[in-house]
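This is what each chain is made of:
There are 2 protein chains.
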Amino acid sequence: MGEKIMRIRRIAEIMEALAQIPHTSVLGVIEGGKLLSLSLVQRDKALYSLDPESGKMERLTKGFVSLPSIPPYFSSEIYFARDVSSGKELHKLYKLDVNKKEEEEIEMEPMRITSIVHSDKVFFVGSKEKNTIYLVEGGKVEEVASFHEVFSITDYSQGLLVGSGFFKSPRSSELLLIKDGSVEIFTPKEGSVNENPIIVGDKIVFSSNFEGSPKLYVLDPETKDVERLEYEEIDRFSPYEFSFLWKGKDQELIAIAKKDGRSRVFVDGKEIKGPLGNYSTAFVVEGKVYATFTNSFTPSSVIELKENRFIFKPEVPEVLKGVVKEVIFRKIRSFDGTEVPTFIVLSSLSEVPGKAVMLVHGGPWAEDDDRFDVMTYSLASMGYHVIRSNYRGSTGYGPEHTLKIMGDPCGGELKDLIEVARSLKGEIAKEMCIAGYSYGGYMTLCALTKYPDEFKCGVAGASVADWEEMYELSDAIFKGFIELLFAGRNDLFKERSPITYAENLKAPLCLIQPQNDSRTPLKPVLKFMEKLNELGKTFEAHIIPNMGHALRTVDDMVNVLMPMLVFLEKEM
Amino acid sequence: MGEKIMRIRRIAEIMEALAQIPHTSVLGVIEGGKLLSLSLVQRDKALYSLDPESGKMERLTKGFVSLPSIPPYFSSEIYFARDVSSGKELHKLYKLDVNKKEEEEIEMEPMRITSIVHSDKVFFVGSKEKNTIYLVEGGKVEEVASFHEVFSITDYSQGLLVGSGFFKSPRSSELLLIKDGSVEIFTPKEGSVNENPIIVGDKIVFSSNFEGSPKLYVLDPETKDVERLEYEEIDRFSPYEFSFLWKGKDQELIAIAKKDGRSRVFVDGKEIKGPLGNYSTAFVVEGKVYATFTNSFTPSSVIELKENRFIFKPEVPEVLKGVVKEVIFRKIRSFDGTEVPTFIVLSSLSEVPGKAVMLVHGGPWAEDDDRFDVMTYSLASMGYHVIRSNYRGSTGYGPEHTLKIMGDPCGGELKDLIEVARSLKGEIAKEMCIAGYSYGGYMTLCALTKYPDEFKCGVAGASVADWEEMYELSDAIFKGFIELLFAGRNDLFKERSPITYAENLKAPLCLIQPQNDSRTPLKPVLKFMEKLNELGKTFEAHIIPNMGHALRTVDDMVNVLMPMLVFLEKEM
Numbered sequence: 001m002g003e004k005i006m007r008i009r010r011i012a013e014i015m016e017a018l019a020q021i022p023h024t025s026v027l028g029v030i031e032g033g034k035l036l037s038l039s040l041v042q043r044d045k046a047l048y049s050l051d052p053e054s055g056k057m058e059r060l061t062k063g064f065v066s067l068p069s070i071p072p073y074f075s076s077e078i079y080f081a082r083d084v085s086s087g088k089e090l091h092k093l094y095k096l097d098v099n100k101k102e103e104e105e106i107e108m109e110p111m112r113i114t115s116i117v118h119s120d121k122v123f124f125v126g127s128k129e130k131n132t133i134y135l136v137e138g139g140k141v142e143e144v145a146s147f148h149e150v151f152s153i154t155d156y157s158q159g160l161l162v163g164s165g166f167f168k169s170p171r172s173s174e175l176l177l178i179k180d181g182s183v184e185i186f187t188p189k190e191g192s193v194n195e196n197p198i199i200v201g202d203k204i205v206f207s208s209n210f211e212g213s214p215k216l217y218v219l220d221p222e223t224k225d226v227e228r229l230e231y232e233e234i235d236r237f238s239p240y241e242f243s244f245l246w247k248g249k250d251q252e253l254i255a256i257a258k259k260d261g262r263s264r265v266f267v268d269g270k271e272i273k274g275p276l277g278n279y280s281t282a283f284v285v286e287g288k289v290y291a292t293f294t295n296s297f298t299p300s301s302v303i304e305l306k307e308n309r310f311i312f313k314p315e316v317p318e319v320l321k322g323v324v325k326e327v328i329f330r331k332i333r334s335f336d337g338t339e340v341p342t343f344i345v346l347s348s349l350s351e352v353p354g355k356a357v358m359l360v361h362g363g364p365w366a367e368d369d370d371r372f373d374v375m376t377y378s379l380a381s382m383g384y385h386v387i388r389s390n391y392r393g394s395t396g397y398g399p400e401h402t403l404k405i406m407g408d409p410c411g412g413e414l415k416d417l418i419e420v421a422r423s424l425k426g427e428i429a430k431e432m433c434i435a436g437y438s439y440g441g442y443m444t445l446c447a448l449t450k451y452p453d454e455f456k457c458g459v460a461g462a463s464v465a466d467w468e469e470m471y472e473l474s475d476a477i478f479k480g481f482i483e484l485l486f487a488g489r490n491d492l493f494k495e496r497s498p499i500t501y502a503e504n505l506k507a508p509l510c511l512i513q514p515q516n517d518s519r520t521p522l523k524p525v526l527k528f529m530e531k532l533n534e535l536g537k538t539f540e541a542h543i544i545p546n547m548g549h550a551l552r553t554v555d556d557m558v559n560v561l562m563p564m565l566v567f568l569e570k571e572m
Numbered sequence: 001m002g003e004k005i006m007r008i009r010r011i012a013e014i015m016e017a018l019a020q021i022p023h024t025s026v027l028g029v030i031e032g033g034k035l036l037s038l039s040l041v042q043r044d045k046a047l048y049s050l051d052p053e054s055g056k057m058e059r060l061t062k063g064f065v066s067l068p069s070i071p072p073y074f075s076s077e078i079y080f081a082r083d084v085s086s087g088k089e090l091h092k093l094y095k096l097d098v099n100k101k102e103e104e105e106i107e108m109e110p111m112r113i114t115s116i117v118h119s120d121k122v123f124f125v126g127s128k129e130k131n132t133i134y135l136v137e138g139g140k141v142e143e144v145a146s147f148h149e150v151f152s153i154t155d156y157s158q159g160l161l162v163g164s165g166f167f168k169s170p171r172s173s174e175l176l177l178i179k180d181g182s183v184e185i186f187t188p189k190e191g192s193v194n195e196n197p198i199i200v201g202d203k204i205v206f207s208s209n210f211e212g213s214p215k216l217y218v219l220d221p222e223t224k225d226v227e228r229l230e231y232e233e234i235d236r237f238s239p240y241e242f243s244f245l246w247k248g249k250d251q252e253l254i255a256i257a258k259k260d261g262r263s264r265v266f267v268d269g270k271e272i273k274g275p276l277g278n279y280s281t282a283f284v285v286e287g288k289v290y291a292t293f294t295n296s297f298t299p300s301s302v303i304e305l306k307e308n309r310f311i312f313k314p315e316v317p318e319v320l321k322g323v324v325k326e327v328i329f330r331k332i333r334s335f336d337g338t339e340v341p342t343f344i345v346l347s348s349l350s351e352v353p354g355k356a357v358m359l360v361h362g363g364p365w366a367e368d369d370d371r372f373d374v375m376t377y378s379l380a381s382m383g384y385h386v387i388r389s390n391y392r393g394s395t396g397y398g399p400e401h402t403l404k405i406m407g408d409p410c411g412g413e414l415k416d417l418i419e420v421a422r423s424l425k426g427e428i429a430k431e432m433c434i435a436g437y438s439y440g441g442y443m444t445l446c447a448l449t450k451y452p453d454e455f456k457c458g459v460a461g462a463s464v465a466d467w468e469e470m471y472e473l474s475d476a477i478f479k480g481f482i483e484l485l486f487a488g489r490n491d492l493f494k495e496r497s498p499i500t501y502a503e504n505l506k507a508p509l510c511l512i513q514p515q516n517d518s519r520t521p522l523k524p525v526l527k528f529m530e531k532l533n534e535l536g537k538t539f540e541a542h543i544i545p546n547m548g549h550a551l552r553t554v555d556d557m558v559n560v561l562m563p564m565l566v567f568l569e570k571e572m
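Quick mapping for you: the protein sequence lines, in order, are chains R and W. Taken in order, the first sequence gives residues 1 to 572; the numbers are from our numbering. Taken in order, the second sequence gives residues 1 to 572; the numbers are from our numbering.
Honestly, the hints are just simulated from the structure, not real lab data. Hints may be right or wrong, so weigh each one.
Identical copies carry no separate label here, and so any pair may be met within one copy or between two of them.
[Claimed, not checked] Capping the alpha-carbon separation at 20 Å, the derived lysine to any residue pairs in SDA-like fashion look like this:
id: 1; residue 1: K537; residue 2: E286
id: 2; residue 1: K189; residue 2: K270
id: 3; residue 1: K101; residue 2: R309
id: 4; residue 1: K189; residue 2: P22
id: 5; residue 1: K570; residue 2: D555
id: 6; residue 1: K325; residue 2: F147
id: 7; residue 1: K523; residue 2: K537
id: 8; residue 1: K168; residue 2: E227
id: 9; residue 1: K321; residue 2: G269
id: 10; residue 1: K259; residue 2: D555
id: 11; residue 1: K128; residue 2: E109
Note that this is a predicted model, so its numbers are computed, not measured.
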């Protein structure tokens, strides 16, 4: 009696523990030498001032923050975007005064803000019918340029605004240069992938694969000469990607380079060693290097490198300690020879082989790597081994791997997942369910409808059920995203939509859908439910109000994780 | 941090406690003088043999039981119906051998079984396109008669099968007599309400209001003479209704009579005193009276009356003890003078006035009374005062009150609830939400869309959103039910459907819907969600798989209560 409830108490206990973890990252160095940090110290993600000596944090923003920006060194002003639409991701820009802790709302129409540049001037990209660059001045906004394509802006200096995006093809990325109102799209070689441009002195530093594997280059914005930045230590590491380029207070070049799910920080080409894992940001002031660090056992922390001193490191609650026994990294060969880099997270609460969940990341342009992941921990805590695969389309393994998905969603990347699942059955998994959020939810629906015998059950959060309807409901940036993904083959929408294959569903399915989701909206998911119901298919569903695609608060996290864990406990 | 999760742990703790309560009722006396009981001892409702001396229970059925029947005294065979459709309420009839504990499935098409008579012969009413009486013989079934109207069968003896139903009008009830294949609909007076016929000797005993308040009568099936059974003690009690008529082993007449939320047991007109509360069944063997008893503080128990000895009385778990401070019964005058008998359950965890939930019962032909109610306890345990009103349409207060709803759903009965809510605001409730399941879910939707400022929030479980579509999806018995409720005014379907007023919704709403519900099906609720979504209305929703309208198991209970309690905690 009451088994189900015992499980719910266990699940509640785990989530209580997970919710207590104050995941923290560093976003710059502000006035007084304090670190600007984004943290989940209280119930939402907000900006804090972090003292690099004492580790003391002080909250700066009253409300939550949707998208922060990196401020200039020692700035007393900070810009960030905040959702003003209960999760629909219609944002406004805010200016925060660090000293007064006062927020000023910029006068603008709410829209989806996707990147912010805060330098001598402030710009952001906002998306409605088009993707538009706005200049922010005197508390107001002014249009600079508009594009149909998907892009981001990354830096500004002395009249030059830079960024990068998919301007010429879904399989290449070009630099965007805007000076004195004139727009230039630059590539050193047609078809190459050029990213992360920043302005150092009067030059543009960026990463590019135009000579093979990704390397760093300097572009003269006047002459358009491109010169390679040769750094022996970076070459020796031979990274697959550069995930972060920035500059120190004295124009030191900061590069974070990535390989096999881990990354390293280089300052002017010299590696600044730290613990093994992942670095997502780094800043340099007077020889000190502050970075955001995480690995599979360490929640997102702020570390002073060189000294290897944690300035802020969240404690892992007792009930979660030791639930992950081991993390195995393995490249698994897929049907066409593509290697699928996979993290196998073994729960210490189960035998091997045991119950396993294939947890598929979103994006698809994102990555599962050596980091502390809340969803993974929640699953491991319930005794599931977790399989996290970087299917084609994932970042972190070079542009070739990332771009292989273009034009073929619910195709090759799904086969990658199926191949990985098959190769681990028996060895790691006695039985396996599949779960994911966003693109991971889409993969779950694809897997259950196109390979109905492969998984014991599935949990699809904020999933894509029908590309046709979703495209109609999308704003410019997400229309652009879908066109990129399909490489313009919009005629494939129906063929690549799970709703088309609903009749194949056999395994128990749990749908979790935020009501205000403006990326993967509720409407097509409701239609999917109707179709499943008409076909007599069994499904569970949870529609979450006042929540959009992004998990903004602890409650959002609980609203998604709770039904997932309860469902898995029932079905596995 | 983690407040939400603390609440979830508290909710899980409460549900664990509630799930441990083995609610038990007695359904007859079987071979060896054991009591046949229906109990939730394990995770589902099943039949048990209960020793009247030791109180020891022994499980008789392997699986769960949807609808049991009363067997003849000292029978070794028991008939019951079981859902064979994951909650869709398509049943099959089963014969249970008490000694061998073996179940035999009767050869039949699955259908909704609504009443079973087990005497010298076995009959049941099954509903598909029509409501049909079947005779069960030799493991097979044979059609006896079919009706469009809603009715039930209650007894059989020596070739005569009796029952009662709404044969002539939605505002009266007639006796059904079937002998030698000939069907007769009998009423002592046109428009009167005649119910509960049983056969005692060669006469029919029944209750009727044809001379005013409900009394007991004897009908001679040959001459059709009707004679009043004058029992002084019953007359002195002057009940509003008879809720149970049956006979003892030696043909004693057992009557359970009801008034103001409590009932009394009479044997041959003499009251058999017991604790104050409610008796739902009673059986007499050799001077001993066994009954099912409950009150607001006692879960459904089996008691030997006269001696007032509990044979089986479920323990109330520690965490639930004392959460109900007081139960107040009050008749509250509605807009047209109708008295609305209301139970006000005060939580000991809150001040008065405090947070309150108006918990609306289903039916509408059902009743909130002095009984241990799991939903009420779950709310009181979370610190809510609970208001339970017997709006017009409810049973327990005489046919006039019950029949007042006919032809006017989402009308007078809704006003009753609104009047009660208004009269208790300030005195009992600082703020009030409304919640209900089935017809109570319908009332919740009606209240939130027709009186959008009245309640702070609402939880609608297994609700009616659209009568038009629901009617189309219904089988004969539920088409008949809807026609009764509307008194044939099917033209009012649209006007009385919450979907028509969806645009009025203001308060936060939580929809909880079993997927396999064949009474209030998912399809119209999904359409309601679509409409709310199009109108930009905020709602939460939970669709529960493998579950129908009826709560069959502990897991079903948890699946409904859990989201309700979490939602209320969030909104109040």
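How the hints compare with the structure:
1. K537 with E286: neither (63 Å within a copy, 53 Å between copies)
2. K189 with K270: Neither: 28 Å inside a copy, 102 Å across copies.
3. K101 with R309: neither (28 Å within a copy, 70 Å between copies)
4. K189 with P22: Answer is neither: 44 Å inside a copy and 75 Å across each miss the 20 Å cutoff.
5. K570 with D555: This pair counts as between: shortest inter-copy Cα distance 10 Å, intra-copy 23 Å.
6. K325 with F147: Neither, since 48 Å and 66 Å both go past 20 Å.
7. K523 with K537: both (19 Å within a copy, 13 Å between copies)
8. K168 with E227: neither (23 Å within a copy, 96 Å between copies)
9. K321 with G269: Neither. Shortest intra-copy (37 Å) and inter-copy (69 Å) distances fail the 20 Å Cα cut-off.
10. K259 with D555: neither (34 Å within a copy, 47 Å between copies)
11. K128 with E109: within (10 Å within a copy, 57 Å between copies)
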